[in-house]
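Participant: Guided by the hints, dock chain P onto chain L, whose structure is given.
There are 2 protein chains.
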Amino acid sequence: MNKQFWITDQPISIEEVVKLVSRREAGAINTFVGTVREFTYGKRTLHLEYQAYLPMAEKKLEQLGQEIEERWPDARTAIGHRIGRLEIEDIAVVIAVSTPHRADSYDASRYAIERMKEIVPIWKKEHWEDGEAWIGDQKETKTYPEGSPKKEDMK
Amino acid sequence: MNKQFWITDQPISIEEVVKLVSRREAGAINTFVGTVREFTYGKRTLHLEYQAYLPMAEKKLEQLGQEIEERWPDARTAIGHRIGRLEIEDIAVVIAVSTPHRADSYDASRYAIERMKEIVPIWKKEHWEDGEAWIGDQKETKTYPEGSPKKEDMK
Chain L
1 MNKQFWITDQ PISIEEVVKL VSRREAGAIN TFVGTVREFT YGKRTLHLEY QAYLPMAEKK
61 LEQLGQEIEE RWPDARTAIG HRIGRLEIED IAVVIAVSTP HRADSYDASR YAIERMKEIV
121 PIWKKEHWED GEAWIGDQKE TKTYPEGSPK KEDMK
Chain P
1 MNKQFWITDQ PISIEEVVKL VSRREAGAIN TFVGTVREFT YGKRTLHLEY QAYLPMAEKK
61 LEQLGQEIEE RWPDARTAIG HRIGRLEIED IAVVIAVSTP HRADSYDASR YAIERMKEIV
121 PIWKKEHWED GEAWIGDQKE TKTYPEGSPK KEDMK
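So the sequence lines, in the order shown, correspond to chains L and P.
The letter at position 29 of the first sequence is residue 29 when you use UniProt numbering, and the numbering goes up by one with no holes.
The letter at position 42 of the second sequence is residue 42 when you use UniProt numbering, and the numbering goes up by one with no holes.
If you are wondering where the hints come from, they were derived from the structure by calculation, not from laboratory data.
No incorrect hints appear here.
As the list makes no split between identical chains, a pair holds if one copy fits it or if it spans any two.
Straight-line Cα separation of at most 20 Å, EDC-like style, residue types lysine to aspartate or glutamate; simulated pairs:
hint, residue 1, residue 2
1, 117, 69
2, 43, 129
3, 125, 89
4, 19, 89
5, 60, 114
6, 117, 62
7, 19, 87
8, 59, 114
9, 43, 25
10, 59, 118
11, 19, 38
12, 125, 25
Okay, chain L solo, but in the shape it has when bound (with noise of 0.2 Å):
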């Protein structure tokens, strides 16, 4: 695996992601890694499928990497972002920066999860126990179907 960013439909290892990232001149990586939960604010997932427009999705995690670069000019990112069905507790995205000292490195890998969800256009169906719903990745906490819990009951 030589890229530094992209989107699969297999599992990712995260030492895979962590090892692009490591170096001689890193003392600390920040690795963020997205699972699938079970109950989301009461509401029971049964399984998640994630679909990318791709190579939009790619060439934005590229951006991402860049803007990462610009704020902290002595970080390495990698990202993978894995689609297609997705089981509870499967791993659905690893996220690892390097950087000399560690407060970059979670300064860094926290920028770029949020960040993630902002620009990269990627979509998860929501399988729950009473239903179905495509939502945007990005909004998670802010496009939930009707008779879902508001956002101002989530801390």
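Facilitator: Coordinates of chain P only, in the frame set by chain L:
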């Protein structure tokens, strides 16, 4: 591996640490990986040697886990720290924290690494090009020997 907190002289697998905290209730796993950096403020490290006061170190890691549970009741934490001789780029520590939602995973993971350096009795011997010194891991930016950069030069 059933322990959630341990010291070892063997390489640590990131996937193994993540597996210890992965669960159906979690949607986010933040991982911090500390690696051996070659250059620290211009000074070149050849290799490191970590020693821990056992079993106090594991006891303190467990205490840290309890502190996290008190602050983030939905979090689950695992930490593995390696001791012995480590080469450049080797992994010294892996922290993984899972939570239902991502913000908490970042906050609790950051708490873990900062607190670890405060309370866990682990020391490292820096082997530089021009000498060597034992350094309390928890005080790495404060106890550098004479002639090394001052704290105020560090970002």
